[in-house]
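Undergrad: Knowing the structure of chain A, use the given hints to seat chain B on it.
If you want the building blocks of each chain, they are given just below.
Protein chains: 2
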Amino acid sequence: MSTRQTLFFSATSPYVRKVMVLLHETGQLDLVQLHGITLTPINPSAELNSLNPAGKIPALQLADGSVLHDSRVILDYLDHQHGGTPLIPRDGMARWRRLTLASLADAVLDAAILVRYETFLRPEDKRWDDWVLGQCGKIERALESFEQAADELDEAFDVAAISAACALGYLDFRMPDLNWRRDCPKLAAWYTVASQRPSVKATAPAP
Amino acid sequence: MSTRQTLFFSATSPYVRKVMVLLHETGQLDLVQLHGITLTPINPSAELNSLNPAGKIPALQLADGSVLHDSRVILDYLDHQHGGTPLIPRDGMARWRRLTLASLADAVLDAAILVRYETFLRPEDKRWDDWVLGQCGKIERALESFEQAADELDEAFDVAAISAACALGYLDFRMPDLNWRRDCPKLAAWYTVASQRPSVKATAPAP
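Protein sequence lines, in the order shown, are assigned to chains A and B.
Letter 84 of the first sequence, counting from 1, is numbered 84 in our numbering, and no numbers are missing.
Letter 68 of the second sequence, counting from 1, is numbered 68 in our numbering, and no numbers are missing.
Just so you know, not all the hints are guaranteed correct.
One copy or any two copies: either way a pair holds, since identical chains are not told apart in the list.
Derived SDA-like pairs (lysine to any residue); straight-line CA-CA distance at most 20 Å [claimed, not checked]:
(1) K201 / D154
(2) K126 / C136
(3) K126 / I42
(4) K126 / R116
(5) K201 / T12
(6) K126 / P41
(7) K126 / L114
(8) K201 / A189
(9) K126 / I113
(10) K201 / H24
(11) K201 / L29
(12) K186 / G169
Just so you know, the hints here were simulated from the structure itself, not pulled from any lab data.
Please read these numbers as outputs of a predicted model, since none were measured by experiment.
Next up, chain A with everything else stripped away, as it sits in the complex (with noise of 0.2 Å):
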């Protein structure tokens, strides 16, 4: 029985990634095994939903059982166990700026990844495109206030910079036909030498 901590985990799930480039870019990841998971909201895991009831991705089993979630938790446990540098700034408005623009990007996630449910996962005749086209919008209207952010997201990688990066890379991933960088060049940049850092190219999901 190992006593590490157990990360119940999608190469494809861009909450678990956040995740991943966290335990990267603060040297934590030895020590958490990965566990798969395959998982729909119409074909849960029951695996998983011992663990979290909620039946989401990530879910962090520590060496005493317990377990913990969602992706923002997790982020913070993580953040408080390494003697670096925090990745969510402690206190001051820094903390609370950096933890509104993940914010933003944990709103394009959830859009886009309703959008992929209404686009893959609902049978043809039940999709409703008013759904999706209010989904876009919000990915429209945060993708223009990163723009105009950009130069914020370079002052450190952080939780904001971490949960910005894994939202563009999962609008690549799912729905490469967006086009974001025409309108954004600043963040097309920004994202260009964020994709480089060895923690967002080794969590990379696969084309």
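TA: Okay, now just chain B, sitting in the frame of chain A:
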């Protein structure tokens, strides 16, 4: 021009309610003015979108004009702005356990709101039973888990308890036929007491 903070608000949003309960509990209600917003994912508010590109409430505009979102970030911010006992433990395993319980309550809300959109907003011929079943499974498993954690919820009226109370209140508000009390007697007893707190009573959505 007011220099107070403005909370973008709806009396029926359970995410807003979490913030309102914390404002009550921490004596900060007078420091925030409320600004009502009406929206759905397919009928966004242009005013709100200009402040939170994700088009979601709550959003908190600070006196300097900057905007914080989403509800978790706002709760974290407001919990740092009062002198009482923190409602989000600052560190130690209690922090991540209470945040995990809060995350589970948010997962109940996320699922219940997706069910609401599916059964209320979406055109009838485009509704998908498997989707509703999948989301209801998350809610049922989470309720079982909260039933087992009822004693823990009772330890403090903090972020975990606030989030759980708002989730249960939303189930009663929008899914009154769920009859969750039948299978969750300890949770029901906890909620009966919690519902009598002034902060919870004052923020209950009108039936």
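Undergrad: Next step is simple, just say for each hint if it's right about the structure.
TA: Structure-based check of each hint:
In this assembly of identical chains, K201 and D154 lie within 20 Å of each other by CA distance solely inside one copy; the values are 17 Å within and 45 Å between copies. Taking CA atoms no more than 20 Å apart as the test, K126 paired with C136 passes in both settings, with 18 Å inside one copy and 19 Å between copies. In this homomeric assembly, K126 and I42 come within 20 Å of each other (Cα to Cα) both inside a single copy, at 15 Å, and across copies, at 16 Å. Taking the shortest Cα distances, K126 and R116 sit within 20 Å of each other both inside one copy (14 Å) and across copies (16 Å).
In this homomeric assembly, K201 and T12 come within 20 Å of each other (Cα to Cα) only inside a single copy, at 14 Å, whereas the closest approach across copies is 43 Å. Taking the closest pair of Cα atoms, K126 and P41 come within 20 Å of each other both inside a single copy (16 Å) and across two copies (17 Å). Taking the closest pair of Cα atoms, K126 and L114 come within 20 Å of each other both inside a single copy (14 Å) and across two copies (15 Å). In this assembly of identical chains, the alpha carbons of K201 and A189 lie at most 20 Å apart only when taken from the same copy (16 Å versus 50 Å across copies).
When the C-alpha separation of K126 and I113 is checked against a cutoff of 20 Å, the pair qualifies both within a copy, at 17 Å, and between copies, at 18 Å. Proximity of K201 and H24 under a CA criterion of 20 Å is satisfied intra-copy only: 11 Å inside one chain copy versus 46 Å between copies. Taking the closest pair of Cα atoms, K201 and L29 come within 20 Å of each other only inside a single copy of the chain (15 Å); across copies the shortest separation is 46 Å, beyond that limit. Only within a single protomer do K186 and G169 lie at most 20 Å apart by alpha-carbon distance; the minimum there is 16 Å, versus 44 Å between protomers.
Of the hints listed earlier, there is not a single one the structure fails to meet.
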